[in-house]
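With chain A held as given, fit chain B onto it using these hints.
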Amino acid sequence: MRGVAVPVAFGGAEDAPPLLWVHGEGLSAGWREVHDRLATGHRVIVPTLPGFGGTELPDWVDGVDDLALFLVDLCTALGEDQVLVAGESLGGWIAAVLATWRPRLVARLALLGTLGVRSTEPMPDLFIKAGPEALSYLSATRPADAVDPLVGDIDLATSLWIEQATQARLMWERPYDRKLAQRAHHLDMDVTVIWGGADRLLTPGHAATVAELFGASEPVIVAGAGHLVSVDAPDACAAAIEEAFA
Amino acid sequence: MKLYAFHLMPWPNIVPDVREKYGSSWVVYPNSEYDPELGQQLYGEYLDQLCYADEIGFDAICVNEHHQNAYGLMPSPNIMAAALLSRTRQAKIAILGNGIALRRNPLRVAEEVAMLDVMSGGRVLSGFVRGIGAEYHSLNLDPTRSRSSFFEAHDLIVKAWTTPGPFEWDGEHFHYRYVNLWPRPLTQPHPPIFVPSQGSAETLRWAAQHRYPLACTFVPMERLKQFYDRYRQYAEEDFGYTAGPEQFGFTSIVHVHEDPKQAEELIEPHLRYFRERSFALPLPIFFPPGYTTPEAYRTRLDIAKQLAATGGPTLSAGKPLIGTPEQIVERIHENMAECGAGILMAQFQVGDMPHDKVMRSMELFAEKVLPHLDR
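Chains A and B supply the protein sequences, listed in that same order. Using our numbering, you'd call the opening residue of the first sequence number 3 and step up by one each time. Using our numbering, you'd call the opening residue of the second sequence number 912 and step up by one each time.
Just to be clear, a hint being listed does not mean it is correct.
DSS-like, lysine-lysine: derived pairs with alpha carbons at most 30 Å apart [to be verified]: (1) 131/A with 932/B; (2) 1230/B with 1268/B; (3) 1268/B with 1279/B; (4) 1216/B with 131/A; (5) 1230/B with 1172/B.
From the structure, some residues in chain B lie toward chain A, with a derived Cβ separation under 7 Å [to be verified]: (6) 1048; (7) 1051; (8) 1053; (9) 1054; (10) 1055; (11) 1200; (12) 1201; (13) 1205; (14) 1209; (15) 1214; (16) 1216; (17) 1219; (18) 1220.
Just so you know, these hints were derived from the structure itself, not from any lab. No residue lacks a Cβ here, since even glycine has one placed at the ideal position from N, Cα and C.
Pulled out of the complex, with its shape left as it was, chain A reads as follows (with noise of 0.2 Å):
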């Protein structure tokens, strides 16, 4: 599509409710356990975004809203008219602004340790830390040295780079969206935030915010979690996107 090649994932019944998942950064692309679970009650849509999971960067993509166009033309070539959507993280910013602009695709919404809003509560730059370091504050349960190119898997570590590129051309300048706030009343769909408990990189505090500013309800918080909440824990994370959804 647009001139790259991106693999998309599928898994669920024909007739069951299509939902869109966005994924987020820390090499978390592709079809994962969570999916599976997703996959019991939904027609389950996993593309993995230009840039990420060893696709190719394209010069075209020069922010957030560009990945935001891509997964509508995505959906136009697929021929769903509305989808379910959750997005984790990176892939959180850019389900919101997909809301934003198209809210008539998006049935329901759910934000799952979202970036591209601004709260009181820090945000440390990961792109100065080292692999390991970076990866600690997404996730809870990977092991970070794996990525530590002078002892762990170069290829791994060379991959986790190339995806931090794309993340720099996103979200390096500024790491959230200034216009999100003014646009936020464009998100009139059901939208339901998630956390993990134990996100290092925006603690649950800003979950409230990011609640507050979109609508929704109180944040649910999956304890023990960390900023990848589908990473750190598969089940608990679909059971709270199931239940959004039901």
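Only chain B this time, still in chain A's reference frame:
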């Protein structure tokens, strides 16, 4: 052979445990560690050293651009060039270089270099750099756009210098309704352009195409030869000319003493300071994501592994220019011949080396090395 005097103007009091305590002497090293009064003294001494290079007949004096760090205190090389131009008579001032990819308004560089060129009667050499990875952290600029904004800024500046204005510039990164430089440069068609390289094929080919001399800093001899050979090959095969030695320059730390053992002993603590403190540049700061291609990054990881094993960067290409005047004369000729370079960028001050030590070495260089160099 042309002789350039290279200087970083470093901060000499970086704390010994800078890596453990702060992570780096760049970007995050707190500026409460900077003492402006000592800073004034240092600028004075460093300028004196460079002016002395002019007095003893160096062909050029180099200044450079680094931001928010204790490694090199020249965030504006053009200010330093202006100071040097007013205090020197003969030497060219080589700005190596302006970080043109770091400017949201690169026309400012075109203006300032044109001013320096006009004021000095054409004594400016204009290097252009992308800036090292750390600058992208310090200036909050997307490193993935570094290369393309470098090339566009270059094209804009050269056009602004050479094409009658006003004209419109409509690029990917920059847009100007009116490009119309006052002053225009005195040197025609424009001040000579130098570029550094970390060896990417794209940059080497581009430099060869424009016949821009390569000015390489802290590149070991084996890699230096590879860069130069590729450049020569592009020049020959793609652009139909033979690249001469005047198109190749590299830095080398120099320390002269009558006693070879003392020469090494006297400089060793300062080399260690430079490697361990000035160069406290962890990989994510040095090579932020997207700053270079994934292939180049992998190469960099291999180098990082080697550096971790050997204890720091290679500071000189070829045989070290640390020793007696006779040794240094011989080694300079050997090193230049080995890679076919025509420009030696000699760095006398390194790390926390104090003024008097630098001057003693420079004076001996003037007396016993310079007269014997094949210039």
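Okay, the hints, checked on the actual structure:
1. This hinted pair checks out: residue 131/A and residue 932/B have alpha carbons roughly 15 Å apart, not beyond 30 Å.
2. Restraint check for residue 1230/B and residue 1268/B: satisfied, since their Cα atoms lie roughly 22 Å apart, inside the 30 Å limit.
3. Only pairs whose Cα atoms come within 30 Å are accepted, and residue 1268/B paired with residue 1279/B is accepted, the gap being roughly 17 Å.
4. Proposed proximity of residue 1216/B and residue 131/A is supported: the alpha carbons are some 18 Å apart, at most 30 Å.
5. Annotation: proposed proximity of residue 1230/B to residue 1172/B holds, straight-line Cα distance about 15 Å (limit 30 Å).
6. Contact between residue 1048/B and chain A, as hinted, is supported at the beta carbon level, the nearest pair being about 6 Å apart and thus within 7 Å.
7. At about 6 Å, the closest approach between the beta carbon of residue 1051/B and any beta carbon in chain A falls short of 7 Å, and the interface hint on this residue holds.
8. Using the Cβ-Cβ criterion of 7 Å, the hint placing residue 1053/B at the interface with chain A is satisfied: the shortest such distance is roughly 4 Å.
9. For residue 1054/B, the interface hint holds, the least distance from its beta-carbon to any beta-carbon of chain A being 6 Å, beneath 7 Å.
10. Using the Cβ-Cβ criterion of 7 Å, the hint placing residue 1055/B at the interface with chain A is satisfied: the shortest such distance is roughly 5 Å.
11. The closest approach between the C-beta of residue 1200/B and any C-beta of chain A is roughly 4 Å, which is under the 7 Å cut-off, so the hint is satisfied.
12. The beta carbon of residue 1201/B comes within 3 Å of a beta carbon in chain A, closer than 7 Å, and the hint placing it at the interface holds.
13. Proximity of residue 1205/B to chain A holds as hinted, the smallest CB-CB distance being about 5 Å (cut-off 7 Å).
14. Satisfaction of the interface hint for residue 1209/B is found here, the shortest Cβ-Cβ separation to chain A being roughly 6 Å, below the 7 Å cut-off.
15. With a cut of 7 Å, the hint placing residue 1214/B at the interface with chain A is violated, because the nearest CB-to-CB distance is about 11 Å.
16. Against a cut-off of 7 Å between C-beta atoms, the interface hint on residue 1216/B holds, since the closest Cβ of chain A lies about 6 Å away.
17. Residue-level restraint check for residue 1219/B holds (minimum Cβ-Cβ distance to chain A is 6 Å; threshold 7 Å).
18. Annotation: residue 1220/B was flagged as interfacial toward chain A, and the flag is violated, the nearest CB pair being 10 Å apart, outside 7 Å.
Figure legend: structure checked against the earlier numbered hints; hints not met, in rising order: 15 and 18.
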